[in-house]
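Read top to bottom, the protein sequences are chains A and B.
What the first sequence shows, in our numbering, is residues 1 to 114, in sequence order.
What the second sequence shows, in our numbering, is residues 1 to 887, in sequence order.
Please keep in mind that the hints were generated in silico from the structure rather than gathered at the bench.
Treat each hint with caution, since some may be false.
[Stated by the list, open to error] Now the in silico label distances, taken between C-beta atoms and shown as ranges:
| # | chain 1 | residue 1 | chain 2 | residue 2 | range |
| --- | --- | --- | --- | --- | --- |
| 1 | B | Gly406 | A | Leu39 | 28 to 38 Å |
| 2 | A | Lys88 | B | Arg55 | 35 to 45 Å |
| 3 | B | Leu123 | A | Lys88 | 25 to 35 Å |
| 4 | B | Gly58 | A | Lys87 | 27 to 37 Å |
| 5 | A | Leu46 | B | Arg19 | 25 to 35 Å |
| 6 | B | Arg55 | A | Lys67 | 25 to 35 Å |
| 7 | B | Arg19 | A | Gly25 | 35 to 45 Å |
| 8 | A | Trp68 | B | Arg55 | 20 to 30 Å |
| 9 | A | Leu39 | B | Gly58 | 44 to 54 Å |
| 10 | B | Ile473 | A | Thr94 | 36 to 46 Å |
| 11 | B | Arg393 | A | Leu39 | 20 to 30 Å |
| 12 | B | Trp79 | A | Trp68 | 24 to 34 Å |
| 13 | B | Ser313 | A | Lys87 | 48 to 58 Å |
| 14 | B | Ile473 | A | Gly25 | 29 to 39 Å |
[Said to hold, decoys possible] Derived pair list, reagent style BS3-like, types lysine-lysine, alpha-carbon separation capped at 30 Å:
| # | chain 1 | residue 1 | chain 2 | residue 2 |
| --- | --- | --- | --- | --- |
| 15 | A | Lys67 | B | Lys18 |
| 16 | B | Lys563 | B | Lys611 |
| 17 | A | Lys76 | B | Lys690 |
| 18 | B | Lys690 | B | Lys669 |
| 19 | B | Lys294 | B | Lys563 |
| 20 | B | Lys659 | B | Lys687 |
We put the beta carbon where it would ideally sit given N, CA and C, even for glycine.
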Amino acid sequence: MGEKKSDVLQGTLDLMVLKTLYAMGPLHGFGIARRIEQLSDEVLQLNEGTVYTSLLRLQQQGWIDSKWGTSENNRKARFYSITRQGKKQLELETENWERIAAVIGRVLRLERQG
Amino acid sequence: MRSLRQWVAKARGLFTRKRLDQEFDAEIESHLRLLTEHFVRQGMSPAEAVTAARRQFGNVTLLQERQRAQWSFVSPAEWLGDIRFGLRMLGKKPASNLAVVVALALGIGINVAVFGFVNALLLRPPAGVSARSGLVEIWLHSRISTGVQSYLPFSYPDYAYYRDQSRALEGVLAFDGDGDPTIWNRSGEGQVIQGELVSGNYFSLLGVQATLGRAISTGDDQPASPHPVVVLSQSFWQRELGADPGIVGRTMILNGAVFSVIGVAPPGFAGLLVGSAPDFWVPLTLQEQFTHDKDRLTNRSAYWLIVAGRMRSGVDMARAEAEMHVLAHRREADYPDSNKNIDAVVYPVTLVPGPYRGYVRAFTGLLLGVFALVLAIACTNAASLLLARGTGRMREMAIRSALGAGRGRLIRQMLVESLLLATAAGVAAVVLAWWFTRLLLELKPASLPVTLEVPLDWRVLLFALVVSLATGIVFGVVPALRSAVVDAAPVLKEETQSGGLRTSRLRSLLLIGEIAVCVVLLAGATLCVRSLLHASSIDPGFDTHHIAVATLDPATLGYSPAKVDAFYRQLMDRVVALPGVTAASYVSHLPLGTARESTSAGHHAGHGPDKARVDVFRVAPGYFSTMGIALLSGRDFTQKESDSPEPGTVIVNEVLARKLWPGQNPVGKRIALGDEKNTSEVIGVVKSGKYRTLGEDPVAVVFRGTLPPARTLVLRTAGDPRPLLDEVRRSVQAVDPMMAATGTQTMEEYMALPLFPARAIGLLLGASGLLAVLLTAMGLFGVIAYVVAQRTHEIGVRMALGAGRSDVLRMVLRQGMVVTLIGLCIGLAGAFAGARLLAPLLYGIGANDPATLIGVAAGITAVAMLACYVPARRAMRVDPAVALRYE
């Protein structure tokens, strides 16, 4: 019941994780964290642990799946991959996000009148 | 959809938590290691890299905790917090919480007590039986009749056949279900004790080990040469023999024969039948010394053995029963004369023998149904109190919700509180149930030879737990849901203090329901109690005061008929000489007891359509005057007739006289009894009474002058018969030191037995009705008092604006009485409809007896009035100045 507290931020992180998995294919938690870090150009300072909270949440929704496998340097790691449902959800959320971002963008571009 | 999937994931987490935890820890660890390596590659020293990785990853413990919360419903810490907070909230209103707990505890406790009896009689294997699994009882069942009469115990030849032929059963045991009263020669004085004849494999199949010496074995129980050995019960050994450790190897004289004691049974073991508590066990093949029947081991029509078997491993009841059917068919083919249409059925072994389970189940089911209604009242009570309190806590709920508590969180908090209340009530209920059970067992008349252990074992405790938790959820869920619907803003703006319209309407509905159920219950209970009072005021047809009775059976000692007659003559001479005795006589068995003899009666000898079924009592001269039974015409038996083996004279009761000779004087007429060739002369007619049960329809009875060896002595006394009982016992010993009387008691004590069912049911139903009224009054009082407290401010305003005290009183009373009257109407309608179900159980009273219904309605109105008046008076005393300054 605590998960509702920061819906916006959580939603964003979930969206980023989903998109990363969609774009990169199966990845482990460390890989996801690295990828988001690279893409955000260090703008987004993120506790990497929260990635796991997001992963669990997505998994419980059935949007991603996980399997144990071996990482590139031969370590046991859990690999996450996006499911078909996840892809649908990603489309939906992306649309949503773009619409909201567009609205916010328009609002922010408003000039002072008078 | 989304939340459903989350719940599934959480539910799965319940079972796989440990694995999930471990996997998650491993995942984090590997992530940290990778991150450290990543930093080292970027040029940090290993130590720096570890710290940096930790920093960048964040708080691991916090993450683990959140993770756990994700896949479990609630974290343990939150639960503890809820419970702690709940306890604190409950502690704030100790009085009303105590009231709720007491009400629920009474309701739950009485149900648990009844369940305790169900458990002891129907669910539990008999005490002391260690071989719990796989024991079944086997009963013969006649395919052509129905009811309990269609079930038969076994004859010995049938038992031997099933024992030797069964493959599904590991072994088949048998015992004499009637018990065998035995005279024990205790250093020259006779004492009557109870024995049980058992097959040689009885103890070994039940897995009962002797605590001292050994148990009876198959070797002791050989038809050709049975060993005269006896195993004593633990309680007999302690009570009568002072727990003498050297008892094994000694001898005892039972019914005049010498037996050697081979062992003592373990504590608690009292056989397999409810009520029978044998003092000793002896081999079955010695039956002649105890039953005085010569042919029981060979007679295929003497049904006297209760049979049980133990299933082999892998065999279930269905397979055992299938085999019994096969054996029964084969037996039928072999002996069509005795075994035609006789089948065999199996039951699990419990204290109540299989065929009688239905009766006990129906009776206890009815009781549980009634007490479930009582519990429903207690629940409604608790719910309406919680609801009222929920209204008072709206501000608290509003604040919590404004601070971010979700709806689920608020509901959970309220449910935790009601479950805490229910748990407290459950604990108190178990204590109450223990006490109720003792109380119910006390009710049993001392003369009823029944001992029953009603333990609070795991089944009863589980029942108590389930009922308490279910109760907590039932009464907690509505107030919880209601309290969580909070619109924080108006509440916090102090716009309102008393509950919204919807809450108060729900509260009224609950009260109405409670009152309606109470009316139904009270009406039913009153009807039953009144009908039972009717039953116990029935004239049994004889005096129940100033009479003492004692039962004797010299045949147990193997006396000749002449010796038996001599004994009774001497005893009679002695007892009539006792001070205070005005008359004395003998009878074969007392009316309203368990013994019965019957035959057919008609005008002519031989079989005929005019023959009537009659009960037979055999009496000595003076029986009617001793018992206070009026002789309507003719005369009593003479001593000469009593001494003659075939006197040829009988006395009939009015019912029989009217049946055989309507409108005529039967004295001097001839009557043909049973198969007797000679008819007998009717010499007298006596007033009819009750013979089998108090509620019976008139029974035709014939009294004969010839008596069997077993008789009951009846004594009429001028004053209280109680002091005479010891004199009677001493007289028996004085005439023959080896004889002992059983059931030496006053007639009033004896009557406790036929009245017992009526008294027990009356008491239980009466208690349930009273409890219902008490609980309903508590509920009304609690809610009205709460509402008054909540409306203090409003009442203050009204009074400040000029409302008089009587206006306030009327207002509060009206609120309570409207609810009461609506509930009353619904309840009366319900009682009217429900009474039809009760009608067949009622005696001497109509199901819709108007006096009862009016009385119940008036009583409940009065109680409700009182419950409302007390808080109303408090409202009347409200000081407007104080009330307005309040808050």
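Hints, verified against the model:
no., hint, verdict
1, B:Gly406 / A:Leu39: 28 to 38 Å, "holds (34 Å)"
2, A:Lys88 / B:Arg55: 35 to 45 Å, "holds (37 Å)"
3, B:Leu123 / A:Lys88: 25 to 35 Å, "violated (55 Å)"
4, B:Gly58 / A:Lys87: 27 to 37 Å, "holds (29 Å)"
5, A:Leu46 / B:Arg19: 25 to 35 Å, "holds (28 Å)"
6, B:Arg55 / A:Lys67: 25 to 35 Å, "holds (30 Å)"
7, B:Arg19 / A:Gly25: 35 to 45 Å, "violated (27 Å)"
8, A:Trp68 / B:Arg55: 20 to 30 Å, "holds (28 Å)"
9, A:Leu39 / B:Gly58: 44 to 54 Å, "violated (20 Å)"
10, B:Ile473 / A:Thr94: 36 to 46 Å, "holds (44 Å)"
11, B:Arg393 / A:Leu39: 20 to 30 Å, "violated (50 Å)"
12, B:Trp79 / A:Trp68: 24 to 34 Å, "holds (32 Å)"
13, B:Ser313 / A:Lys87: 48 to 58 Å, "holds (57 Å)"
14, B:Ile473 / A:Gly25: 29 to 39 Å, "violated (48 Å)"
15, A:Lys67 / B:Lys18, "holds (18 Å)"
16, B:Lys563 / B:Lys611, "violated (37 Å)"
17, A:Lys76 / B:Lys690, "violated (90 Å)"
18, B:Lys690 / B:Lys669, "holds (25 Å)"
19, B:Lys294 / B:Lys563, "holds (21 Å)"
20, B:Lys659 / B:Lys687, "holds (14 Å)"
Checked against the numbered hints above, the structure violates hints 3, 7, 9, 11, 14, 16 and 17; every other hint is satisfied.
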